[in-house]
Amino acid sequence: MEFFRPATLIDALALKSTHPTALCINGGTDVMVELNFDRKRPETLLDLSAISELSEWSDQGDSILLGAGVPYTRIYQELAKELPGLAMASRTVGSLQIRNKGGVGGNLGSASPAGDAHPPLLASGAAVNVASVNGTRAIDINEFFLGPKKNTMNPDEIITSVLIPKARGGQQYSKIGTRNAMVIAVCSFGIAIDAKNKSVGTGIGSAGPTPLRAHEAESYAATHLDWANGSAVTPEMMKEFGALVAAASRPIDDVRGTAAYRRHSLAVISGRCLKWAWTSTQDMRSK
Amino acid sequence: MRLTCTVNGKVETIDDVWPGESLLYVLRERMGLPGAKNACEQGECGSCSVHLDGILVCACLVAAGQVEGAEIKTVEGLAGATDLHPVQQAYLDAGAVQCGFCTPGLIVATVDLLEKNADPSDSEIREALAGNLCRCTGYSKILDAVRLAAVRLEGAGKH
Numbered sequence: 011m012e013f014f015r016p017a018t019l020i021d022a023l024a025l026k027s028t029h030p031t032a033l034c035i036n037g038g039t040d041v042m043v044e045l046n047f048d049r050k051r052p053e054t055l056l057d058l059s060a061i062s063e064l065s066e067w068s069d070q071g072d073s074i075l076l077g078a079g080v081p082y083t084r085i086y087q088e089l090a091k092e093l094p095g096l097a098m099a100s101r102t103v104g105s106l107q108i109r110n111k112g113g114v115g116g117n118l119g120s121a122s123p124a125g126d127a128h129p130p131l132l133a134s135g136a137a138v139n140v141a142s143v144n145g146t147r148a149i150d151i152n153e154f155f156l157g158p159k160k161n162t163m164n165p166d167e168i169i170t171s172v173l174i175p176k177a178r179g180g181q182q183y184s185k186i187g188t189r190n191a192m193v194i195a196v197c198s199f200g201i202a203i204d205a206k207n208k209s210v211g212t213g214i215g216s217a218g219p220t221p222l223r224a225h226e227a228e229s230y231a232a233t234h235l236d237w238a239n240g241s242a243v244t245p246e247m248m249k250e251f252g253a254l255v256a257a258a259s260r261p262i263d264d265v266r267g268t269a270a271y272r273r274h275s276l277a278v279i280s281g282r283c284l285k286w287a288w289t290s291t292q293d294m295r296s297k
Numbered sequence: 053m054r055l056t057c058t059v060n061g062k063v064e065t066i067d068d069v070w071p072g073e074s075l076l077y078v079l080r081e082r083m084g085l086p087g088a089k090n091a092c093e094q095g096e097c098g099s100c101s102v103h104l105d106g107i108l109v110c111a112c113l114v115a116a117g118q119v120e121g122a123e124i125k126t127v128e129g130l131a132g133a134t135d136l137h138p139v140q141q142a143y144l145d146a147g148a149v150q151c152g153f154c155t156p157g158l159i160v161a162t163v164d165l166l167e168k169n170a171d172p173s174d175s176e177i178r179e180a181l182a183g184n185l186c187r188c189t190g191y192s193k194i195l196d197a198v199r200l201a202a203v204r205l206e207g208a209g210k211h
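Residue numbers (our numbering), protein chains in the order written: chain A, 11 to 297; chain B, 53 to 211.
Any given hint might turn out to be false.
[Stated by the list, open to error] Simulated coverage check for chain A against chain B, where a stretch passes if three residues somewhere in it have a Cβ under 8 Å from a Cβ of chain B:
id, stretch
1, 34-47
2, 142-154
3, 240-252
[Stated by the list, open to error] In silico DSBU-like cross-links for lysine-lysine, where the CA-CA straight-line distance does not exceed 35 Å:
id, chain 1, residue 1, chain 2, residue 2
4, B, 193, B, 125
5, B, 168, A, 249
6, A, 50, A, 208
7, B, 125, B, 62
8, A, 159, A, 91
9, B, 168, A, 91
10, A, 159, A, 50
11, A, 50, B, 193
12, A, 159, A, 297
13, A, 91, B, 62
14, B, 168, A, 297
15, A, 50, A, 91
16, A, 91, A, 285
17, A, 160, A, 176
18, A, 91, A, 208
19, A, 285, A, 206
20, A, 159, A, 249
21, A, 176, B, 168
These are computed hints drawn from the structure, not numbers from a lab.
Predicted, not measured: the structure shown is a model, and the values here were computed from it.
Heads up, the beta-carbon is just placed ideally off N, CA and C, and yes, glycines get one too.
Turn these sequences into a full structure, and let the hints guide you.
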């Protein structure tokens, strides 16, 4: 096995161009499991962890440009105010040891339907920046996932960063699992309320072949939330919103749970998320 | 490949390393440092916890090639010439060791916690140690050990 550890992105892109089957590794929390268990034996391993620009984030005014290799720990320590939904999701990933290494780039590269970063990225309307020797392109997060562990990237491309709009209202993330740590989501849900544009974004995790949006639930919430006076979310709204989220999911029965359980729990957690996110939207307004 | 890194303060050069093997394998099988334990090899159990450039990681999830030039601190690097590290002593005194297999990882994770947070609450301890499994299920004694170590380190003015 060849092992490359480029120090710059330009060198990494050149290597990925000449070695398109190279497996990229950064935090290693997914890739090393595959190697340790002999599930993958790539001819080439391309280590991106020495490229400093991948582990930095910057403030772009209305958005945060998050380097693909910024570990989850730093996301919730440094960006909880700007990206509360992603910060909450980041804090639920694995354990401290995993969060210290893993980041959003790897989550997107693996493209598991259960990836914790995906629902908040969908809810916020993020864009995934990828690069190759031929240039860069920004992929709308809604177009990024193609199927279980499949994304729309070309073999010569590397994920460099994600552009995420800063919160313009309350955000929430909720996840079902057997513990409060070390859990691959049975199902998960992210919501981002945009008080400026009076709209609601959603993301469903681990209840379909890809992470999904719940478009009808978003429209329902946007038309039923009391944008003028901020009155509380009613139990009826929670129920209807939850039902629409559950209807948008496409779960299967598997080792972590049944499709029926996923639909039920999605309805419950999404209703709660709507209520909590609306409450924090009002808190943000009153400040 | 040849790998050069600093382990417990000493620069080490290791030959014939396969770059896809884990840091855990390098430590245990190539360097004779068996303190970090090999259990799950998938980051689930925390038994192989070490510090890599000051960050708590599972050594099983780091590729050997990624630690070129890095600084690694394992449980073997904690004790002084004559005394145990206060966290190690606290685990002994609190009876937090049963079969002992999870102990090195828990001690390294506890050192990491107390370096950042000298007086952690119980929920902070639980969150910090959530990635370290003890299958003897001796968790209440482990929490006792962390609290004891925190008190002793505070008293010793080590923070």
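Do the hints match the structure? See the list:
1. With a threshold of 8 Å between beta carbons, the proposed coverage of the stretch 34-47 of chain A by chain B holds, since 10 of its residues qualify and at least three are required.
2. Note: the stretch 142-154 of chain A has 0 residues with beta-carbon separation from chain B under 8 Å; the three-residue rule is not met and the coverage is violated.
3. Using a Cβ-Cβ cut-off of 8 Å, 0 residues of the stretch 240-252 of chain A lie near chain B, which falls short of the minimum of three, so the contact claim is violated.
4. Distance restraint check for residue 193 of chain B and residue 125 of chain B: the Cα-Cα separation of roughly 25 Å lies within the 35 Å cut-off, and the hinted pair is therefore satisfied.
5. Under the criterion of a C-alpha separation no larger than 35 Å, the hint pairing residue 168 of chain B with residue 249 of chain A is inconsistent with the structure, at around 42 Å.
6. Among the hinted pairs, residue 50 of chain A with residue 208 of chain A is inconsistent with the structure: their alpha-carbon atoms are about 46 Å apart, more than 35 Å.
7. As the CA atoms of residue 125 of chain B and residue 62 of chain B are separated by approximately 10 Å, the hinted pair is consistent with the 35 Å bound.
8. With a CA separation close to 30 Å, the supplied pair residue 159 of chain A and residue 91 of chain A stays within the 35 Å bound.
9. Of the pairs offered as hints, the one joining residue 168 of chain B and residue 91 of chain A holds, with about 21 Å between alpha carbons and a cut-off of 35 Å not exceeded.
10. For the given pair, residue 159 of chain A sits about 14 Å from residue 50 of chain A by alpha-carbon distance, which is consistent with the 35 Å threshold.
11. Of the pairs offered as hints, the one joining residue 50 of chain A and residue 193 of chain B is violated, with about 40 Å between alpha carbons and a cut-off of 35 Å exceeded.
12. Taking the CA atoms of residue 159 of chain A and residue 297 of chain A, the gap is near 42 Å; set against the 35 Å cutoff, the hint is violated.
13. Between residue 91 of chain A and residue 62 of chain B the CA atoms are separated by roughly 41 Å; this puts the pair beyond 35 Å, and the hint is violated.
14. Taking the CA atoms of residue 168 of chain B and residue 297 of chain A, the gap is about 31 Å. The hint holds against a cut of 35 Å.
15. Taken as a hint, the residue 50 of chain A and residue 91 of chain A pair is broken in the structure, with Cα atoms around 38 Å apart against an allowance of 35 Å.
16. Taking the CA atoms of residue 91 of chain A and residue 285 of chain A, the gap is about 19 Å. The hint holds against a cut of 35 Å.
17. With a CA separation close to 27 Å, the supplied pair residue 160 of chain A and residue 176 of chain A stays within the 35 Å bound.
18. A hinted pair counts as satisfied when its Cα atoms are at most 35 Å apart, and residue 91 of chain A with residue 208 of chain A qualifies at roughly 20 Å.
19. Restraint check for residue 285 of chain A and residue 206 of chain A: the C-alpha separation of about 18 Å stays at or below 35 Å, so the hint holds.
20. For the given pair, residue 159 of chain A sits about 32 Å from residue 249 of chain A by alpha-carbon distance, which is consistent with the 35 Å threshold.
21. About 28 Å separates the Cα atoms of residue 176 of chain A and residue 168 of chain B, which keeps this hinted pair within 35 Å; it holds.
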